[in-house]
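K.L.:
Take a look at the letters that make up each chain.
There are 2 protein chains.
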Amino acid sequence: MAQKDKAEEMAGQTKEISVSEFFEKNRHLLGYDNKIKALLIIVKEGVDNALDAAEEARIMPEIFVKVEELEREKYKIVIKDNGPGIVKANIPKIFGTLLYGSKFHRLRQSRGQQGLGVSCAVMYSQLTTGESTEVISSTGDGKTHKYRIKIDVKNNKPEILSDEVVDMDTWHGVQIMFICEGIYREHKQSILEYLKETAISNPFAKITFDSPNGKFDFSAGIDKLPDEPSEIKPHLYGVEVGILSRMLKATKARTLQSFLTSEFSRVGSTAANEIITKAGIVGEDGSPDGRLSPKRLTDEQMVSIVKAVKEVKLSRPPTDCLSPLGSDSVEKGLKKELNPDFITAVSRSPTVYRGWPFQIEVGLAYGGSIESAKFMRFANRVPLLYQQGDCAMTKAMATIDWRRYGLQGDKLPEGPIAIFIHMASVWVPFTSESKEAVASYPIILKEVKLALQEATRKLSLYLSGMRKAQYQQERMKIFERYAGDTATALAELTGRDADEIQVMINEIAKTVHEEALKTENGKEEEAPPVEVEGGKENGEEDEEAE
Amino acid sequence: MAQKDKAEEMAGQTKEISVSEFFEKNRHLLGYDNKIKALLIIVKEGVDNALDAAEEARIMPEIFVKVEELEREKYKIVIKDNGPGIVKANIPKIFGTLLYGSKFHRLRQSRGQQGLGVSCAVMYSQLTTGESTEVISSTGDGKTHKYRIKIDVKNNKPEILSDEVVDMDTWHGVQIMFICEGIYREHKQSILEYLKETAISNPFAKITFDSPNGKFDFSAGIDKLPDEPSEIKPHLYGVEVGILSRMLKATKARTLQSFLTSEFSRVGSTAANEIITKAGIVGEDGSPDGRLSPKRLTDEQMVSIVKAVKEVKLSRPPTDCLSPLGSDSVEKGLKKELNPDFITAVSRSPTVYRGWPFQIEVGLAYGGSIESAKFMRFANRVPLLYQQGDCAMTKAMATIDWRRYGLQGDKLPEGPIAIFIHMASVWVPFTSESKEAVASYPIILKEVKLALQEATRKLSLYLSGMRKAQYQQERMKIFERYAGDTATALAELTGRDADEIQVMINEIAKTVHEEALKTENGKEEEAPPVEVEGGKENGEEDEEAE
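From first to last, the protein sequence lines stand for chains A and B.
First residue of the first sequence: 1, per this note's numbering; consecutive thereafter.
First residue of the second sequence: 1, per this note's numbering; consecutive thereafter.
Calculated directly from the structure, the hints in this document are not laboratory data.
Honestly, I wouldn't trust all of these hints.
When chains are identical, the list treats them as one kind, so a pair holds in a single copy or across two.
Result set (DSS-like, lysine-lysine): computed pairs, CA atoms no more than 25 Å apart in a straight line [claimed, not checked]: (1) Lys278 / Lys74; (2) Lys252 / Lys143; (3) Lys146 / Lys80; (4) Lys15 / Lys146; (5) Lys25 / Lys310; (6) Lys25 / Lys157; (7) Lys411 / Lys278; (8) Lys313 / Lys332; (9) Lys395 / Lys188; (10) Lys154 / Lys374; (11) Lys332 / Lys76; (12) Lys332 / Lys278; (13) Lys25 / Lys233; (14) Lys76 / Lys206; (15) Lys196 / Lys154; (16) Lys157 / Lys15; (17) Lys88 / Lys335; (18) Lys332 / Lys206; (19) Lys15 / Lys278; (20) Lys249 / Lys188.
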């Protein structure tokens, strides 16, 4: 009976772990493993939420960020916006509960998605300094609420320390104040860099940053918000048996046929019938039957439906759930910040991974004030500053043969080049909760690669033109070098004035040079083509090896 | 009032996200982003739990693993052990709830720690195939329970499909059967490799693997379990304000003094007094007072205590919570598997990160049957097969100047070398829930580096000996090449027999060669020393940049 005793002893120690406890102990999963990064993450969570809220309420965002050193390695961070505010009842839950939010369950592009970010900032603050977080919010109805909140970690519930009404006139929005441990630095992975890049990818936002080293203003470059992304229904190509089973249980549809057409995007009655037929779901008379109640489907029938879906041709999901920047904006943003000699941008058509629409945009700038290679990664307009090597965007860059395009560099290109990559999606698959790198789904790698190839091809043409012009110029110089001697010799030979002859020679040289240029430019260019791989039609992706 | 309406509309969409929903949508965080890896993770979770349970119940583990292809990309996985079993009431909770387990809250070394692994395997199975997981368990009391379990994802609760008693005689242990999507391969990141490396780091376990390609047996090389690690109390050096505050609320201690001495390891009454004095916690008479009730401490007082702790010298935490392999076992394991020409192992003394004890062990093998460089990483005896580049162990390797030690290779060494690194800890800080790489805490990087340097220094001595022997042998060969001609010439000159002279010359050559070897070996060796950096005494770590 010894095993039984041991098993019982072990059973006594077994208990549930709250999600707050889990992330408190694993705070490095959220990026809080380094005091410099901690400050950045907190600012990022606040600003991302502010931008999301303003955009959703169709307000031109004006955001104020303040970082103030209170004592060595202890900072006050304030983030204030002019958004729609948060209704009183929701304030404690949003800031005092991990995994709570509005963005997780809907399919539309937004910066936040997990319901973890801001509450984890509250948790990190209380963990490192013992301090509560102050949240002030007004929805513009004249009442402004001020809360002091902590998280009850054992139960993952808000702990309200105070709750009062304050006078803030007609202001609406949210103001959060954190007091936390940290170190403030201004290097390439800093709050300053994050705000700079945010200004590039959100040119409609006005951001003021009151830093420990002075004030920075990022004014809006565009006076129009991007189009509002719509919420979409899931697409059948990405639905797995487990999810289908849950949706079947929850649906209000009375028949399988109406379940398929009403709960998914892009399924018409013809497609629904085809799925039902291919899945072999038949009525009592043995013919395909879509009138079956969704609640009565067996597990085997669900599996058959998921299999059948792969054989049926469905339209790609609607893409108005995405809000890409557009190649114009990408070019403008890069131009404003980098003032390069050459600039190009590529916006790929939207496509789908695991049923979720996404779209890749790439901007490429060269020369001008760019001194060394610079890579900027963005997901839903949010700059990604850490874990570059782990990101699908970097991995896709490493698959490009840069030398073929006339550039230096082995895995990443070298020289005065800036590369901007943006992934817009209803659900960005980050490699960790800290949302610093995009997971390497094959279809994402492929899309980034194709966009990069297209952009680099244009750069390659520009560079080869540059090289030709340079070559001609060198030939010209050599000609000119001998022109003087030639003129003197000719003058002696012909008895004419040397200067006159010099002018003639220069004329000839110019004509020859221009014709040479014309001929060169008329030639078929030999920049490497974009490799377009055969796209899989049915939304299926190669998921093979790592 | 538009803002108010918008805010209310947005509030209506806000809701709690269950941890199951979170990981279902983010299954790549757990490593389930690739069908080959999925099979590996499931086997790993089952085997790790089996080893933990057997070790805890002091049973020599015998584990049976079966992977069977049911149809294309659909597999059955069975893992059966001879451990103590799980009591009936706990079976559904352990397999049907994410974040549920016995190992999260205690401080002692174990393979599992998060209470996520096996339940996520159940979730992945139902998500991809719609199938429930079958769990059979007996604690040896004659009753064997068989459950079929799914997870109610919306509520993160088990859904019991069936629950019966079956006859399994006197067997005790757990047998789990998953049916899931996957792809079976046997390459370097495979189930087979995982089991091979598990056999190296757990030489007391007997593992049988019934694979789709045949049977593999890993027999036990040692008939004794490692010493049982003890559970320890937290150490004050790693305690942050937030945790202290929770512990103060939960403690049964009546005074601050007894709280400090009873709830933490290595705090005696002298140290407790010193902390209280340095923190400036005084009674009514203005002198330090440890009689204060723990429940009545203010936030400021807690912050003062955390600060004071850093100025007080405390002993390092006890390390019997760790169960390192020992350099002997590391050497034996490597020898058995790789049959190298040279082998060495280093076991560092235990140290602490964030208050948690850990210990680094390194094994190094060279030559013999090793063909190309091989790196094996382990955390608490579990082989880590993925995300090599992201792991503190790899990062530490990359800081070593291999050429200085006579090896080739830039960041990682090249050639016939095998490096084995093991981190034993009460809490391994993994970079993601998939537990594939160790987070780069500075103190961990440093410990791995020091262990590697020490081991590589020994290899370097061996290699320089090898090089000298080789040099001598070459000199010998050159000598021998001319010996024939010399002998003939000498024979002509002296009139003696050429063969006789040849023998004499060879004798001389041998003597000279041996003396040269003696002299060389007597020289002071010049292998680079181990760089010992000044260790910080107070458990504080540099947490600066990434």
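K.L.:
For each hint, tell me whether it holds in the structure or not.
P.N.:
Going through the hints against the structure:
1. For the homomeric pair lysine 278 and lysine 74, the shortest alpha-carbon distance between copies (20 Å) is at most 25 Å, but the shortest distance inside one copy (63 Å) is not.
2. Taking the closest pair of Cα atoms, lysine 252 and lysine 143 never come within 25 Å of each other, the shortest separation being 39 Å inside a single copy and 43 Å across copies.
3. Taking identical chains as interchangeable, the C-alpha atoms of lysine 146 and lysine 80 lie at most 25 Å apart only when both belong to the same chain, with a minimum of 13 Å there against 56 Å between chains.
4. Only between protomers do lysine 15 and lysine 146 lie at most 25 Å apart by alpha-carbon distance; the minimum there is 22 Å, versus 36 Å within a single protomer.
5. In the homo-oligomer, the alpha carbons of lysine 25 and lysine 310 lie at most 25 Å apart only across protomers (21 Å), although the nearest pairing inside one protomer, at 42 Å, exceeds that limit.
6. Taking the shortest Cα distances, lysine 25 and lysine 157 sit within 25 Å of each other both inside one copy (17 Å) and across copies (23 Å).
7. In this assembly of identical chains, the alpha carbons of lysine 411 and lysine 278 never lie at most 25 Å apart, being 46 Å within a copy and 54 Å across copies at closest.
8. In the homo-oligomer, the alpha carbons of lysine 313 and lysine 332 never lie at most 25 Å apart, since the shortest distance is 39 Å inside one protomer and 58 Å across protomers.
9. In the homo-oligomer, the alpha carbons of lysine 395 and lysine 188 lie at most 25 Å apart both inside one protomer (20 Å) and across protomers (21 Å), since each shortest distance falls under that limit.
10. In the homo-oligomer, the alpha carbons of lysine 154 and lysine 374 never lie at most 25 Å apart, since the shortest distance is 44 Å inside one protomer and 43 Å across protomers.
11. Taking the closest pair of Cα atoms, lysine 332 and lysine 76 never come within 25 Å of each other, the shortest separation being 34 Å inside a single copy and 54 Å across copies.
12. Taking CA atoms no more than 25 Å apart as the test, lysine 332 paired with lysine 278 passes in neither setting, with 50 Å inside one copy and 58 Å between copies.
13. For the identical chains of this complex, lysine 25 and lysine 233 are inter-copy neighbours only, at 15 Å across copies versus 36 Å inside a copy, given an alpha-carbon limit of 25 Å.
14. Only within a single protomer do lysine 76 and lysine 206 lie at most 25 Å apart by alpha-carbon distance; the minimum there is 22 Å, versus 56 Å between protomers.
15. Proximity of lysine 196 and lysine 154 under a CA criterion of 25 Å is satisfied in neither setting, with 38 Å inside one chain copy and 40 Å between copies.
16. In this assembly of identical chains, lysine 157 and lysine 15 lie within 25 Å of each other by CA distance both inside one copy and across copies; the values are 18 Å within and 13 Å between.
17. Taking the shortest Cα distances, lysine 88 and lysine 335 never come within 25 Å of each other, neither inside one copy (43 Å) nor across copies (66 Å).
18. When the C-alpha separation of lysine 332 and lysine 206 is checked against a cutoff of 25 Å, the pair qualifies only within one copy, where the shortest distance is 16 Å, while the shortest distance between copies is 64 Å.
19. In this assembly of identical chains, lysine 15 and lysine 278 lie within 25 Å of each other by CA distance neither inside one copy nor across copies; the values are 46 Å within and 37 Å between.
20. Taking the closest pair of Cα atoms, lysine 249 and lysine 188 never come within 25 Å of each other, the shortest separation being 49 Å inside a single copy and 42 Å across copies.
The structure fails to meet hints 2, 7, 8, 10, 11, 12, 15, 17, 19 and 20 from the earlier list, while all remaining hints are met.
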